[in-house]
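*Asks:* So the chains spell out like this:
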Amino acid sequence: MSDTLLSVQGVQTYYGNIRALAGVDVEVKKGEIVSLIGANGAGKSTLMMTICGSPQARTGTVTFDGEDITRLPTHLIARRRIAQSPEGRRIFPRMTVYENLQMGASLDNLKYFNEDVEKIFTLFPRLKERQGQRGGTLSGGEQQMLSIGRALMARPKLLLLDEPSLGLAPLIVKGIFDAIKKLNQNEGLTVFLVEQNAFAALKLSDRAYVMVNGQVTMSGSGKELLANPEVRAAYLEGGRH
Amino acid sequence: MEYFVQQLVNGLTLGSIYGLIAIGYTMVYGIIGMINFAHGDIFMLGGFAALIVFLVLTSVFVGLPVVLLLLVMIAAAMLTASLWNWTIEKMAYRPLRGSFRLAPLITAIGMSIALSNFIQVTQGPRNKPIPPLVSSVYNVFGISISLKQLIIMLLTVILLTTFWYIVNKTSLGRAQRATEQDRKMAALLGIDVDRTISVTFIMGASLAAVAGTMYLMYYGVTVFTDGFIPGVKAFTAAVLGGIGSLPGAVLGGLLIGLIESLWSAYFTIDYKDVATFSILAIVLIFKPSGILGRPEVEKV
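Listed in order, the protein sequences are those of chains A and B.
Numbered by the numbering used here, the letters in the first sequence go through residues 1 to 241 in order.
Numbered by the numbering used here, the letters in the second sequence go through residues 1001 to 1300 in order.
These are calculated hints, taken from the structure and not from any lab test.
Please read all numbers here as calculations on a predicted model, not as lab measurements.
Careful: at least some of the hints might be erroneous.
[Stated by the list, open to error] Examples of chain A residues lying across from chain B (beta carbon under 10 Å, computed): (1) Gly41; (2) Ser54; (3) Arg71; (4) Pro73; (5) Ala78; (6) Met95; (7) Leu107; (8) Asn109; (9) Leu110.
[Said to hold, decoys possible] Result set (BS3-like, lysine-lysine): computed pairs, CA atoms no more than 27 Å apart in a straight line: (10) A/Lys157 with B/Lys1184; (11) B/Lys1169 with A/Lys119; (12) B/Lys1169 with B/Lys1184; (13) A/Lys181 with A/Lys29; (14) B/Lys1169 with A/Lys111; (15) A/Lys223 with A/Lys181; (16) B/Lys1184 with A/Lys111; (17) A/Lys128 with A/Lys182; (18) A/Lys30 with A/Lys128; (19) A/Lys157 with A/Lys174; (20) A/Lys182 with A/Lys29; (21) A/Lys223 with A/Lys157; (22) A/Lys111 with A/Lys128; (23) A/Lys29 with A/Lys223; (24) A/Lys128 with B/Lys1184; (25) A/Lys128 with B/Lys1169; (26) A/Lys182 with A/Lys111.
Backbone N, C-alpha and C define an ideal beta-carbon position, used for all residues, glycine too.
Looking at chain B on its own, in the form it has when it is part of the complex (with noise of 0.2 Å):
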């Protein structure tokens, strides 16, 4: 029982990394209808802004409290995340917006291998570790839960929240939400469509690189491919809660990594994500439009 337990706790820090970066995936795919795959190395990019902002500031300054280390880390990632995937969607997916659908995918998926190979020439290919920030671990009868993974839990729940509250109850996030559904009618109601879809971009990357940071925190290292496969994972969670749902995307994250680490710790470690993704197949089969999706048919 205490094992299981055990294995849940971890199975959700997992998932709430998984799930920030998915909201990523699904606000974009929600806005303009295309699949950013370069958001996973985004991911990876905030994590290693962090790593660079984390060794300038431990070797100018001695003694730095751990909050303010871990704050300014999360800070700088979300400022180059956001500014990395602006500048991808001005430059690289605009030009192609009222193209045919399979081109800003195609230049996604270059963006994603560019921003990967650029990381790997400028930072190097060799695992890049960072000394453990926080260390202290609370036993909780008979469960051990690292400050750590209540950080990234806490943290999670508070993006959420506002994230929520943005998308929901604010001007701009009706300006988003009206730009999705229909984005001429939103510019004939004086609705700047292109900074809406600018201000998407920023939103999921900024929640990206606070993954990215707390990925960085939770495993100690970082490598130029940590984009890739939890890209994926968080790509197949935004799919699995439903494309286009932010509760989705969560609940999706939250999922992907309960069944890694529950797959982990019962069976073996080595089909993990051949159980993820059977699920994800599973799931699609019937409900193609994934947990929390919306049918396609909708009476307009």
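Bound-form chain A, shown alone (with noise of 0.2 Å):
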């Protein structure tokens, strides 16, 4: 198909001698939000990381707009337009959260710098607050909104987000989820998230899989999902306040 952005295929990716993924497929097209739940160390993280090339995968193919971008290097799959908002936020503590922004603009060399920092000062106003400061000595949620908002500086052609709604408090969660929508649904962002919040995230998305110890054990469109019994008694009740 042609409006499939991203395929991957019969992925097996190691740490070691310990594989964390075992044989992953997983499909998302233009346009699409799709997310992807599952348990603590089911390789969820793995998975988005493997995408970008870090660690690159042992077996199978990651396709990106119909190139193989299995062997690249990371900063050449960057450069395909992939952002990523990793596990752990991962933002530079010794930069000033303006810089931060810079550097997630720096594929373009800044081109579109002030017209794409207002955007994400007006969806983020706290990031605006704080465009002075050290990113270190941000707290927990202002650092995932900079994470997040650093990927979008990139003007990505897909948006890889792990876990945006960790640490946040639920307004702010929402906030973040509706900004998703609204940059999908506005600017055709195409969006493939890992979440632990499995409500929230398979409210927002179009498709969804569902990942237990390295395999995709389940996959359907959101509201599936949301009414399957199995995924509601794994990942839904009890989880949900």
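With the hints in hand, could you dock these two chains into one complex?
*Replies:* In structure tokens, the structure reads:
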């Protein structure tokens, strides 16, 4: 299909001798929001990083926009416009908020920086207040906003979000999810996200995958999975308040 | 009083040279967390490149203006030293980047020995003199300042300003700082980490080469072992100022230059190194991360 943006096929990833991904198939079409849910240690973040080539898949292929990117070095994958807000946020601690955002825009050498940074500041007004502050001194939630903002600065074709709701107050989570939805609807941004907050993720997503022990065990539309009793038992009930 | 100020001027000159070398140590440490022990020898190699270019130029063209001569010497030294440091990083350090921390360190010591032996074999083990290039001396309020000293200090100020600007205000500098703080994230943002590290080695080597040329001009002589002592002093300067910090490296360099020349002026010259290292030890007791160094703990 020509409208497939990202296709992961039979990917196995190892950390040393430990297999973290045991043959994963995932597909993301242009303009979709797709989420990946699963328990801790299921391999969700590993899949995110494998798409970006760090670590590289041992077997299988990752195809982006019709091009095989499995063996490309990470920085070249990023230059294909795959931006990631990774696990642990990875804010540059000794750079200011503003500089962190500049780093996000380094692909275009800051060409659209002024225009884009205003959008980010509208999305996260908190970042505007803190723009001169060092990244390492921000609170967890602020770092999360910065991490997402930095990823958006790259003008991505595909945005990878690893637990965007982690450590954030419910109200801010809602704000971020609304923002993702808006970017998706208005600008056709394709989003692939990992979430522990399965309820919110499934509600937001067009489609979703469930991952267990390094394998995709279920997939379907967000609605289907929300209604699925197994998913409900494992990821929703008891986890939702 | 005049004597004191005179020593101050001498100390600052020497300190400028140490500072220029120390920046290379500190930048490389900052970006890949290793001490490039071959850096002192890169400094020495830069001096030799300048000397060779000087000898060739003065024997081919007679009566070249000194300014032009100095500029060509500096350029040649920078080019040679950069090429060597770039090659060393690529061949000796990069393959070991994923390995345990001691491996590149030991390799660096090996590279240091290899470089000084290489110069010893190819250039001979004896002192290599250079005729005085600039010999004007000015008298200001009873203090004599030589043109050499002025050139060294002026050049240091210019280079440091340029460097400060590059590291803090340009996209290259941002890429360097990002690579230093989180290499993986830098790559995720499209930064070519290998290239950034190479550029850092080239920048460090360029400064060391300028220092090497200045050292040669100042003392009028160089020898293959010259990388060692100034290298150790500059390394000490980087540690004293706080390794990883650019202003720290310069401050450390100037301090060590001053301590050395003031100690030699008022006490016995034989113990000047003892004085330097004692002060290093004292500073490290009270401020383990150096004067301007940052503490290791960081909220992430």
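*Asks:* Can you verify the interface hint for A/Met95: is its Cβ closer than 10 Å to any Cβ in chain B?
*Replies:* holds, 6 Å
*Asks:* Hey, A/Lys157 versus A/Lys174, does the alpha-carbon distance stay inside 27 Å?
*Replies:* Distance of about 23 Å is within 27 Å: holds.
*Asks:* Sort out whether A/Lys181 lies within 27 Å of A/Lys223, counting only the CA atoms.
*Replies:* Since the Cα atoms of A/Lys223 and A/Lys181 sit roughly 16 Å apart, the hinted pair holds (cutoff 27 Å).
*Asks:* A closest beta-carbon separation below 10 Å is what the hint needs, so does A/Arg71 meet it against chain B?
*Replies:* The hint is violated - A/Arg71 has no Cβ within 10 Å of chain B, the shortest such distance being about 15 Å.
*Asks:* Keeping to a limit of 27 Å between CA atoms, is the pair of B/Lys1169 and A/Lys119 held or broken?
*Replies:* Within the cut-off at roughly 23 Å; holds.
*Asks:* Between the alpha carbons of A/Lys128 and A/Lys182, is the straight-line distance 27 Å or under?
*Replies:* holds, 20 Å
*Asks:* Per the CB criterion, is A/Leu107 less than 10 Å away from chain B?
*Replies:* holds, 5 Å
*Asks:* Run the distance test for A/Lys181 versus A/Lys29: straight-line Cα separation, threshold 27 Å.
*Replies:* OK: A/Lys181 and A/Lys29 at ~16 Å, within 27 Å.
*Asks:* Do the alpha carbons of A/Lys128 and B/Lys1169 lie within 27 Å of each other, as the hint requires?
*Replies:* holds, 20 Å
*Asks:* Using the nearest Cβ pair, does A/Asn109 come within less than 10 Å of chain B?
*Replies:* holds, 6 Å
*Asks:* Hey, A/Lys29 versus A/Lys223, does the alpha-carbon distance stay inside 27 Å?
*Replies:* holds, 18 Å
*Asks:* Please work out if A/Lys157 and B/Lys1184 have their alpha carbons no farther apart than 27 Å.
*Replies:* This hinted pair holds, its Cα atoms lying about 20 Å apart.
Checked against the numbered hints above, the structure violates hints 1, 3 and 18; every other hint is satisfied.
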